[in-house]
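Novice: Now for the letters of each chain:
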Amino acid sequence: MKRVSLTPILCAIPLGAVAVCVVGSQWLVPDAKQQDILLGVTPAGTAGHPFGTDQLGRDILQLAIAGARSAVVGPIAIALGSMLIGLLLGTFAGYFGGWVDLTLSKYADLLLALPTTLIALVVAGLVDGGYWVTVLVLVVLFSPTDIRMVRGSVLAQTTRPYIESARVLGLGRFRIMFRHILPNVLPVALATMLLNVAFALVAMSALSFLGLGVGPGEADWGRQLADGRDLLGRNSAAVILPGMLIIVTAAAINLLGDWLQERFERRAAQR
Amino acid sequence: MSSASARGSVVRFVLVRLAATVVLLLAVSFVVFSLLHLTPGDPARNLLGPKPSSPEILASIRAQYHLDDPFFSQYFRWLGGVLHGDFGRSIRSDTPVTELLADRVVVTAQLAFLAFAMTVLVAVPLGIVAAVRAGSTIDRTMSVGAIIGVGAPTYAVGLILLYVFGVSLDLFPVYGSGDGGLDRLWHLVLPAVTLAFGVGALVFKLTRTAVLGELDQDYVAFAVSRGLEPRRVRTMVLRNAFIPVITSLGLVFGFLFGGTILVEVTFALQGIGSLLASSVTFKDIPVVQAITLLTAAVIALTALAVDLIYVGADPRVRARVAR
Amino acid sequence: MSLQLRDLVVTGPSGPIVTRMDLSVQPGQTVALVGESGSGKSMTAKAMTGLLPRGVTAAGTLALGDTMVDLAGGPSALAGLRGQRISLLLQNPFTSLSPVHRCGVQIAAALPAHLRKSAEEVERRLREVDLPQRVAEQYPFELSGGMRQRVALAAALASDPEVLIGDEPTTALDVTTQREVLDLLERIQAERSMALLLITHDLGVARERADRILVMYAGRLMETGSGDEVFVRPRHPYAAGLRDSDPPLDRRVAQLPALQGSVPRPWDVPNGCAFAPRCSRADDRCRTDEPPLETFADGAQAACWHPLGADDQRPPAPAAEVVAAGAASDALVTITGLTKRFSDSAPLALDDVSVMIRAGEAVGIVGESGSGKTTLARCLIGLETATSGIIEWASDLPPARRAQIVFQDPTSALNPAMSVGAALEEALRAGGRSRSELGSLLELVGLPQEYARRRPRALSGGEQQRVAIARALAPQPQLLVCDEPVSSLDVSVQAQILNLLKDLLDRLDFTLLFITHDLAVVRQVATRVYVMSQGKVVEEGATEAILTNPQHAYTRQLFASVPGVRASQGGSSDD
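Each protein sequence line maps, in turn, to chains W, Z and L. If you read the first sequence in this note's numbering, its first letter stands for residue 44, the second for the next number, and so on. If you read the second sequence in this note's numbering, its first letter stands for residue 4, the second for the next number, and so on. If you read the third sequence in this note's numbering, its first letter stands for residue 48, the second for the next number, and so on.
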């Protein structure tokens, strides 16, 4: 008697919609950044502007659809990049131990001594590098937790009898690492990566909310929130729409990642 | 092992742990000092800010900040100042950084402690309830809520709360830090709720996991089978779960300080978080250095406190330390 | 007052776990509930104490004297009984006490209300389980496993129950400690004239300690009777098979008369008799109708359509002639003065150990936990580096061809991400053999060809251990090291694996180093043994000689502690 889980289906709906916006925004809303300064702020429900417009007369809905791309692409790149570093360095640290392990864990300690938001703000802000530099900074900031996660699960593997059997068979270190250890770490890594996308989404939009990462005038949810902050009394939709988009997208990814993680853990427990 | 030598070992542990904290802070201070030189552009020009520059002015700045000295002697000179509470002068406002911070630190500390208190008073009990009722509708609703809460960005939650309670219902002030006393508290309620929302969700999850893990232990089944009253069994479980919960509360404290930046900007509070955000944009490097180092110190001291509580709370750790 | 359990049914999410279970225990009586894994014996104990896991429900009645409880009412229905009149002792002394509370506090918690603050009472309770007063102020982690189990016993007895249920209470302990705790239980039971329900997988413990034995299989009661009735004149073919599978301590037999197949999960049992698929006497009726529990003239009961009569009793397997293979051959490996120190504060794991193994021999190493036997194996195989000493191999083959190892836990011995075929092919290649030999390798360990495609998860424990043996033999090593290869298997499966190893020794040309805590098991396999204790070899010689006439005091104590052997010499002592 298997219970069909609703979680992945419920999460797939908003995520699918976001994916459509990411891929097709230039066809769906080609004029999203079109300004109409004479029009200025209009409340939600204005003809032709269901969610109203902002100070520059830009349509809130169109801007939000166009903003999906920068909100999502960077975080995916961050999660992928940091997990790649995590898998590489974490496997090495876990399997070889010694000074490699020590160096990597001290590096992680140092980065974890300060909140991610603060370091990202300071580094990205002082360097002024724009979107992809911010992405790079966040990859570096996210990687210590991934390295730790991978290192932990590799370490848990190395003392298992099947790994010891492989060593007794005289298999090479790289064969053991990639053929025996990595396949058992990957499911957990995948779930962690998904959770990282959600955290990166929040972190990226937080930085653009603070005016970093995305240039002024660009379509981006965090930027839109920052701009809409002053419009609360006149067109609250300018805040509520991008705010809800970030919350719903992050929540859907988190729920999906949590669901995956639980499934993998349960399967591991059944072994 | 005599109790005197055990006490000696604990003292030694505290000293070693303290030394490790100092080393960590020195490493952070080094990186923080390097910010001045890592920032693109001429350090002297960066220190001058947008004021009109001339070769003479730049030369006087170089002399004032000893920029032509070797890197390490600059660092130690700066560190010496820092240890005496001197972080230099703000580029933007041309006042001593320490003076600038003094006003604002209070707001941030009040915000952080208020949010922390809300977290401890609400999230921990809810986590315990959810674990005891694991699998029930209450548990599942709260758990899904927590997953959403953990991921929900502070500023988006803040703006929506601001809209609902500040603008629509007009129950709370919208901007600013108030005039001290009760008015200050009144102004800090919404920001603190915002901050506690995400952090609380995290603490809820960690508490629930910790209590659930303890409830699954054999000693609980054994206690129940011996006919101990449910109240006594619960006390036993909570005493055991206390150890991981304290650890998570320590972790969360750092998280909280990251969150204050966004909350202060969202609610236009005059704290060190919003000061940091504007100083970064303005490249007011001395201020950025001071705030970064201050935050690192608070977090490192929290971690130290957690470790010490740990030693007190877990006899197994105490024995390992005393050995 | 007697404890009566009637019509117990336990149902889990996948189906029934226990069906139609009755049992009764009288004051002062010991009843043993024996069965292999999945027999439902533990669930029976949990149902009686209201500790069933989430999603598992019970039905039936539990009566203690005049008090009757409907088990369908859940844990709250048991309120007046559980803890006050019925108490439970769990298997693992390392997890059954709260790690952050002092032992005295944990004992006091269940004392009658007016005694809870009394330090003298706690001291009296500690004395009852032969523990000194200082234990009251100690934390569980500061005590040995045996001492912890005594604290747990004192805690379980704090409310002075009329019935004590012991759920494998000595399984996690070493054999000498096990005997001490069992002796203590017996003494306290007699002093308090308490009813004791002992749940165990160990037939020796059941036979030695119980007045009455209940045999469970797949959630059903198969046979009940006294020790002699169940083990000397079993009525049920399963009880007979179980007895025959248990290796004898007093002699070596050629092959253990093992039961075929493995224990089914209770909800996978077909119609009819649950044991029919593994039974040689089964006919059509057995496969369609479930036999009721019949009572025989002597009071024993069995649920079987074709119970074994006096003429059907198989004579015990005769002692086989021991051929000391390899006794005259040259040394394969010589270990001299091996010492291993893991940390400065810990005692030496190996202390000047010298062992010599001749080509073609089957050598056993016997010892309790902490004896260093596993460390010795790991040093020999290269998984651990000795602190000092010499391991000298006669051949200069690559290490993989010299020695391979089979571990204790078959589940973690195989990579869950690799199919059986892929794992074995890799091992064949590592030994320079062709992948085409996969088929014959599977056949060698008695597995069908189609198992190559299966994942380890889809295999039973016994099958997993067969794969692990095949993988170790794939590179055709000179020495096969088996580290407790059968101790986590059910009795019936353990016999199959022991038979397989004996069979492989006859058919193939390899040397065996067999490490175990179990004297009966080592007698079946090894021709020569080393007895280890606290990192040292204390005795060495031919298995027959040592197990017939042990010389060293430790060996004698070990021998005397084996459940089922009430030895007059040596004996148990309380520390």
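Warning: the hint list may mix true and false statements.
As the list claims (entries may be wrong) - Negatives, chain Z to chain L, calculated, CB over 12 Å:
1) Ser57
2) Leu82
3) Ile141
4) Tyr222
5) Arg242
6) Gln273
As the list claims (entries may be wrong) - Here are the simulated lysine to aspartate or glutamate pairs, DMTMM-like style, with alpha carbons at most 20 Å apart:
7) L:Lys164 x L:Glu189
8) L:Lys164 x L:Glu184
9) L:Lys164 x L:Asp117
10) W:Lys149 x Z:Asp310
11) L:Lys549 x L:Glu473
12) L:Lys164 x Z:Glu232
In case anyone wonders, no lab produced these hints; they're calculated from the structure. No experiment lies behind these values; they were computed from the predicted model shown. We treat Cβ as the ideally placed atom computed from N, Cα and C, and that holds for glycine.
Novice: Against this structure, judge whether each hint is valid.
Specialist: Verification of the supplied hints:
no., hint, verdict
1, Ser57, "68 Å, holds"
2, Leu82, "39 Å, holds"
3, Ile141, "15 Å, holds"
4, Tyr222, "5 Å, violated"
5, Arg242, "6 Å, violated"
6, Gln273, "45 Å, holds"
7, L:Lys164 x L:Glu189, "23 Å, violated"
8, L:Lys164 x L:Glu184, "14 Å, holds"
9, L:Lys164 x L:Asp117, "35 Å, violated"
10, W:Lys149 x Z:Asp310, "18 Å, holds"
11, L:Lys549 x L:Glu473, "25 Å, violated"
12, L:Lys164 x Z:Glu232, "16 Å, holds"
When the structure is compared with the earlier hints, violations turn up for hints 4, 5, 7, 9 and 11 and for no others.
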